[in-house]
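Enquirer: Guided by the hints, dock chain D onto chain C, whose structure is given.
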Amino acid sequence: MATPVCREFQFTLNGLPVKVSGVAPQITLLDFVRSRGLTGAKEGCAEGECGACAVLFIRNSVNGTCYQPVNSCLVPLPAVAGQEVLTVEALAESGELCEVQQAMAAGGGSQCGYCTPGFVVSMFAEHHRRENRPADVHALSGNLCRCTGYRPIQDALKSLGTPGGSALKRRLGKPAPRFAPVRYESTEGRFSRPGNLAESLDLMAADDAAQFVAGNTDLGVLTNLRGQRFPHLISLEGVAELRTFHAGSDYVEIGAALTLSEISERWSDAPDVFREWLRLFASPLIRNRATLGGNLATASPIGDSAPLLLALGAEVVIANLTGNRTAPLSQFFLGYRKTLLKPGDILRAVRLPKPLPDVVRFYKAAKRSTDDISTVAIGIAVVGDNLRAGFGGVGPVPVGLTAHPDALPELIRTTLKPISDHRGSAEYRLAVAQSLVAKFRHEAGVSTWV
Amino acid sequence: MSVTHESARGHVTGEALYTDDLAGRLPEILHAWPVIAPHTHARLIRIDVTPALQQPGVVTTLTNADVPGEGNSGANRHDEPLFPDEITFHSQPVAWVLGETLEAARLGAARVIAEYEPLPAILTIPDAIAEVSFHSGPFHIVRADAAAAISASPHRLSGELAIGGQEHFYLETQCAIARMDESDGIVVESSTQHPTETQEIVARVLGLANNQVTVQCLRMGGAFGGKEVQANPYAAIAALGAWKTKRPVRVRLPRHLDMVLSGKRHPFLAKFTAGFDTDGRLRGAEVKLYSDGGWSLDLSEPVLWRALFHCDNTYLIPALDATGWVCKTHKTSQTAFRGFGGPQGMIVIEDILDRIARTLGVAPHLVRERNFYREGDSTHYGQPVKDAARIERIWNELKASSDFESRRAEVNRFNAANLHTKHGIAITPVKFGISFTATFFNQAGALVMFYRDGSVQINHGGTEMGQGLHTKIREIASQSLGVLSSSVRIMPTRTDKVPNTSATAASAGTDLNGAAVLDACRQLQGRLIPVAAALVNCEGSKVRFAAGLVTGDTEVALPIAKVVEAAYRQRIPLFAQGYYRTPDIHFDPIAARGKPFHYFAYGAAVAEVEIDGFTGAHRTLRADLLQDVGDSIAPVIDLGQVEGGFAQGVGWLTLEELVWDAQGRLATSGASTYKLPSWPELPAVFNVNFLQRATEPGVVFGSKAVGEPPLMLAFSVREAIREAIAAFGKGGIVELDSPATPERIYWAIERARDTAIERARA
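Those sequence lines, one after another, are chains C and D.
Read in order, the letters of the first sequence are residues 1 to 450 in the numbering used here.
Read in order, the letters of the second sequence are residues 1 to 762 in the numbering used here.
Extracted from the complex, chain C is given alone in its bound form (with noise of 0.2 Å):
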C-alpha cells in the first residue's frame, strides 16, 4: 500500500517532539535547529568539509544504538522526519557540562570557540561509541580548527574516561528509530522517503523531477552552493534491498545505499586495503551519511571509491522495474558525470569477485593526506602476472587499466589524459600516476619487476 501524502511531519529534538510543516525540502536541518534559537551549530562551509554544523543523530548499528554526528548543513530537513536529533546544548544535562564539555573547557580546547560545538559533538560520539577501542583523533577528522593547532583537542580526547551514567548514555540502551516511509510535500517541493526498492522505482517513474538521494553529501553541496532545487527527493535511505551486505564464497556484495560507516561496521573482515581507503575517504561527519552507490552513481572523476574498485575488478548491480542486471564497473562510467544508468533504473549494489587480490594498495595524492578530493588516486593491485589499476583524477572519468607492470608505465603515458586545475598540473598528474606505481612495486616488494 501506498504511503499516504502528508503535509507535515515530526521528529524528536533534544528529547522533545517537534512538528514540522510549510517547509521547502531543501531546508537544511541546519537552518531548522538555528531558527528555532538553538545557534550552536554554525554554517562554517556549507559543503560538509569544516563540520561546525555538527549535530547527532540516534542510530541502530551493528554494536547497538549510537550517536552518530553529521553534518547538519547537509541534510535536508524532512530526511530526519520520525528520526531523532540531538544538538550540542542538549549535551549539558541540566546545565552540567559532559565530561567531553569539561575536558574541552579545561584544556584550551577552544579559543574563538566557533568551531567548537562541532568538535563536542563529534567527541561525544567517539566518547559514547560502543566498539572497543581506543579514541581515535580520526573521528573528528570532519572538524576543521582555525585556532588551536589541534594539539588540546587531541589531549581533551584522550584524557576522557568511560562516559558516567547520564541520561543520555541511558539513551543508548534503547533502539534508534526505524526509517519509516514518508511523504512529505511543501507548496515548493516533495520528499519521499519509500520502505522498499518497488515503490522508489515507481515513484521515480512517474515524476520525471524526482532525484534519488541517499545521504545528501553530493547533492546538498549543489543545494548549498550553487542554489539547485530539487522538486522531488526521493530518500532511498529506509529501502531494505538497497542496504544488503553479503559476503559469499563468490564475492561480496554490497548495498549501493550503505553508508560508509556501515560498511565498515558490517565487513568485519575486510583487507587491510579497505581500511586504508576508508581512512582516506573524506570524514567521518560524511561517512556517517554518504554511501557507496552515491559516489560511484555521481560519477565525479575524482571521486575515491572507483580507484580502488577497480583495481578490485567491481562488478555493479543494477536494477529497474524489469529486474537486475551487472555489468563490469570498467564499463560504467562512460564519460564526464554519465554512467550506464538509464531512466528507471538504480545502482542497488557492488559486487567484489572473490577470491581480492592478495597484493593491493590504494594512495591518494592530495594536498592534505586526510580528507582533501584527490589530485590522483590509484588502486592497484597484482592480478595473476598484471597489475591492475584503478585511477582517479586522470581525466573525465575513473579509468582501469590492466598491464604487465613493465608495460604500465607506457600504458599511462598513452592513455591518461589529465587537465590542470587549482589541485594540480596535468604534468604533475600524469607523473604521480606513473610515479605512484612505481611506489606499489617498491612497498609491495615485488622487486624482481624493477
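Honestly, the hints are just simulated from the structure, not real lab data.
Among the hints, a few may not be true.
[Stated by the list, open to error] Simulated crosslink set (SDA-like; lysine to any residue; CA at most 20 Å straight-line):
1) 19/C x 24/D
2) 158/C x 680/D
3) 158/C x 685/D
4) 342/C x 321/C
5) 158/C x 688/D
6) 288/D x 132/D
7) 158/C x 288/D
8) 158/C x 687/D
9) 158/C x 24/D
10) 158/C x 132/D
11) 338/C x 356/C
[Stated by the list, open to error] Which bits of chain D does chain C cover? Going by a derived footprint, with three or more residues having C-beta under 8 Å, they are:
12) 151-157
13) 208-222
14) 253-264
15) 465-473
16) 650-661
17) 667-680
18) 736-746
[To be verified] Stretch by stretch, here's where chain D covers chain C in the computed footprint (C-beta under 8 Å, at least three residues):
19) 45-55
20) 78-87
21) 134-147
22) 171-182
23) 407-414
Don't be surprised by glycine CBs; every beta carbon is placed ideally from N, CA and C.
Expert: Chain D in isolation, oriented as in the chain C frame:
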C-alpha cells in the same frame, strides 16, 4: 588552577553568541544578498534592479541612489565604492537585494539586469610590474652602500622567491546586523576587529555624525586580521539597508562569497642579491619586495612597511637596500593577516641564508647563527635590537632541548639508507617587532565600574576573536582590584563605552588595553584604600585587596563589597577611565629611521619532516618550539597562541594555496578546494615551551605580545622540507616557491635529482 578561556563554558555548550546568532532574536529582520559582477575588470554600462522586486519576498534593493552620505568604505584613500561603476575584481558586488528570506534575496539578485564592457585585467605581480600598476611605492629602507658591499664580497648570489597569499578562513564569515535604535540612531552588531573604524565608515555612508552610530562586537569566530578593515563594507550595507527600510538587516557572507570577496594575506614576489663571506656571513643585500595589493589600497602600505622592517629577521645585515612596492591588480584587496607583512619579509632572508649555506656547503644552522644580531647592534632602520642576547640564548636552549645535533646526524644516516623517503631537520629563529608602526594607533582606553554589590564591569576597546584578550583582561582586573575573577564581567566591545579605539591587531591587544584597564583599576583601588583603611582600622599602606577580601594588619577581613558600599555612601566615584599610550616610539617614513617598536618578541623552532619522493607529500615528524612570552598572564592562552600560530604558519607555507584562474576568478573558493591544516599537520611529536626568566619591563604584568610572532616559527618546517629535498640530490641550491605543496616539492626533488645526475656526469 590555570586560567582557561573566559568564554570556555559558552563555547563548549554552544551558548556563546556570535553576531549571526542574534538574527533569530530580531523580528522583521531582512536578509541581504549581493548582485555580483561576472567580470574581473569591466565598466558597468547599465544596471536595472527593478526586476528583483518582482521576486516574491524581495523588499527592496540598495544602490548608490540610496546612499545619504558617501558610498565608499575605503578607510584611507576612499577607494572602495560600495556600488562601483567600474568593476575591479571578479564577483565585485554592484548592488544588494533585501528579502524577507535569504532565498528571496538571492533569487531577486539573480533577476537584476546589468550590462558590462569587459576591460583587460592585471592578474599577477609580474604583469603589474610590467604595466607599472602600483598603489604605492617605492618605499626604501637603506643602510650603508649595499651595492658596493655586495660587489666587494667574496661570494654573491641572486634569486627570486614567489610567496603565496593566505585565506584567513576565520570559521565565522563576515557578518553584520544593523537596526535603528530607539532615538533615530543606528546600532550595528558587527564581527569587526575595529569597532571604531566600522562606526566611522557607517557614519560616512549614512552621512551621520559618529555619535549617531553605535557598533558592538560580541566576539568573533576568528579574525586573524581579516576583520581589521574588511568588516566595514558589510556593516555599511547592513546599516544602509536598516536606514532605508527601518527594519533590522542582516548581511552574512556564506563561505564561497566570503572567499571571493574578502582580502587575503598578500602574495609577494621577492628579488634579491646578497654578498657574503666564505663562512656565510652576510656583507650586504639588496631586496626588492613586490606585494600584490589587489584592487584597493586597504592596509597594504603598513603591511609592506612591516615586510621591509622584518627582512632582517634576527640577522645583522651590515649593508642593506630594501625597497618595496604595492602592486595594483584586479584581485581581492589583500589585507591584514597575522604577521602583517612580517612573515613575507622574514621568509626572504631565511631563503637567502639557506641558499648561502648550500652554495658554500655549510650547514644552514651554522650560517644562521653566524649572522645573528648581538647586544649593541641596531636594525637597518636604526632601532637598537633590545635583548639581542635572547636570540642566541633561545637558540642554544632549543638546540639542547630538542637534541638537534644528534638528530641531525640521525637524519643523515636515515637519508643515506633510504632512496625514496628522505628526512630533513632545520632550526629557525624569529624576531618580531611589537607596536603599530603608525605610532598614533598605540593608545587605548578603558572604563571600569564597580557596582554597589562589589561586582565589576570592564569595558575596553579591544575585541575578542579567540585570542584570549578578555581572559587576560579579566586576570589583570581581578588581580589588580583584588576581586575574584568570577565577580568581573567583561562586556562586549561597544563604541558607546570606549570611544576612538584602535583595531585589535598588531599582537598589541593586551599590551594596550590591558594597560588601560590596569590604569583604571589602580585609580579605583586608590580611591578605595582610605575607605578600607578606616573600616579595617589600619594605615592605608597596610591595606591589601585580594580574592575579594580587604585586610589590614589585623585579623579583620572584609568583603570588598562592604568597602565599595561604604565608598558609595561617602560619595566616592566607583568608576574610572583608564588610558595608556606606548611610550617612546616614533618613526620617520621619509628618512626610514626611528624606533617603531616598543620591543621585540623572540622565538625559535626545530622541525623534522619526512618527504615521500613518489608524490612530494610531506609530514612533520616532530616540532620543538621555544617562545619568549615574557611573564605569561594566562599560560593556557599563550600556549594556544603559540601552537595555533605555528599551525597557521605551517598552513601558509606548506598547504594553503590560493589559485586564481586565467579569467581572474578565485579557483580555490571553498573548503573543498582550499585546505586548512587538519590532523595530518599536527606534528607527531610536539614540544612547546616558553622562555623562562623573561619578564618584559614596561609591559603590563611583565608580559609580552604573543598573537603574531609564533606564526613565523613555521619557517622551521619549510626549511626542513628544503633540507629533505636537498637529500634527494647531491648538493646545490634548493629553489622552492611558497607554499611547499606536494607538487612544488615533487618538482624540486626532480630538479635536485637532475642536478645530482649532471654533477655525476661532469
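Enquirer: Evaluate each hint against the coordinates.
Expert: So, going through the hints one by one against the coordinates:
1. Using a Cα cut-off of 20 Å, the hinted pair residue 19/C and residue 24/D holds, with the two alpha carbons roughly 19 Å apart.
2. This hinted pair checks out: residue 158/C and residue 680/D have alpha carbons roughly 17 Å apart, not beyond 20 Å.
3. Proposed proximity of residue 158/C and residue 685/D is supported: the alpha carbons are some 15 Å apart, at most 20 Å.
4. Straight-line distance between C-alpha atoms of residue 342/C and residue 321/C comes to about 12 Å, which keeps the hinted pair within the 20 Å bound.
5. Only pairs whose Cα atoms come within 20 Å are accepted, and residue 158/C paired with residue 688/D is accepted, the gap being roughly 18 Å.
6. Simply put, residue 288/D and residue 132/D have alpha-carbon atoms about 15 Å apart, close enough for the 20 Å limit, and the pair holds.
7. Between the alpha carbons of residue 158/C and residue 288/D the distance comes to roughly 48 Å, so the proposed pair goes past 20 Å and is violated.
8. Distance check on the hinted pair: residue 158/C and residue 687/D sit about 17 Å apart at the alpha-carbon level, within 20 Å; holds.
9. A distance of roughly 37 Å separates the Cα atoms of residue 158/C and residue 24/D; the hinted pair therefore is violated under the 20 Å criterion.
10. A distance of roughly 56 Å separates the Cα atoms of residue 158/C and residue 132/D; the hinted pair therefore is violated under the 20 Å criterion.
11. Restraint check: the Cα-Cα separation between residue 338/C and residue 356/C comes to about 28 Å, which exceeds 20 Å; the hinted pair is violated.
12. Counting residues of the region 151-157 of chain D whose C-beta lies closer than 8 Å to any C-beta of chain C gives 0; at least three are required, and the coverage claim is violated.
13. Evaluation of the coverage hint for the region 208-222 of chain D: fulfilled, as 4 residues show C-beta separations to chain C shorter than 8 Å, against a requirement of three.
14. Check on the region 253-264 of chain D: 3 of its residues sit with their Cβ under 8 Å from a Cβ of chain C, so the three-residue criterion for coverage holds.
15. Judged by the Cβ-Cβ criterion of 8 Å, the region 465-473 of chain D is covered by chain C as claimed, because 4 of its residues qualify and three suffice.
16. Residues of the region 650-661 of chain D with a Cβ under 8 Å from some Cβ of chain C number 4, which satisfies the need for three, so the listed coverage holds.
17. With 12 residues having a beta carbon nearer than 8 Å to a beta carbon of chain C, the region 667-680 of chain D meets the requirement of three or more and the stated coverage holds.
18. Residues of the region 736-746 of chain D lying with their CB closer than 8 Å to a CB of chain C number 4, which satisfies the three-residue condition for coverage.
19. Counting residues of the region 45-55 of chain C whose CB falls under 8 Å from any CB of chain D gives 6; the rule of at least 3 is met.
20. Coverage of the region 78-87 of chain C by chain D is violated [criterion: at least 3 residues with CB-CB distance below 8 Å; count 1].
21. Here the region 134-147 of chain C counts 8 residues with a CB under 8 Å from a CB of chain D, which clears the bar of 3, and the coverage holds.
22. Counting residues of the region 171-182 of chain C whose C-beta sits closer than 8 Å to any C-beta of chain D gives 0, which falls short of three, so the coverage hint is violated.
23. For the region 407-414 of chain C, the assignment as covered by chain D is violated, since 0 residues bring a beta-carbon within under 8 Å of that chain's beta-carbons and 3 are needed.
Taken one by one, the earlier hints fail for this structure at numbers 7, 9, 10, 11, 12, 20, 22, 23, listed in ascending order.
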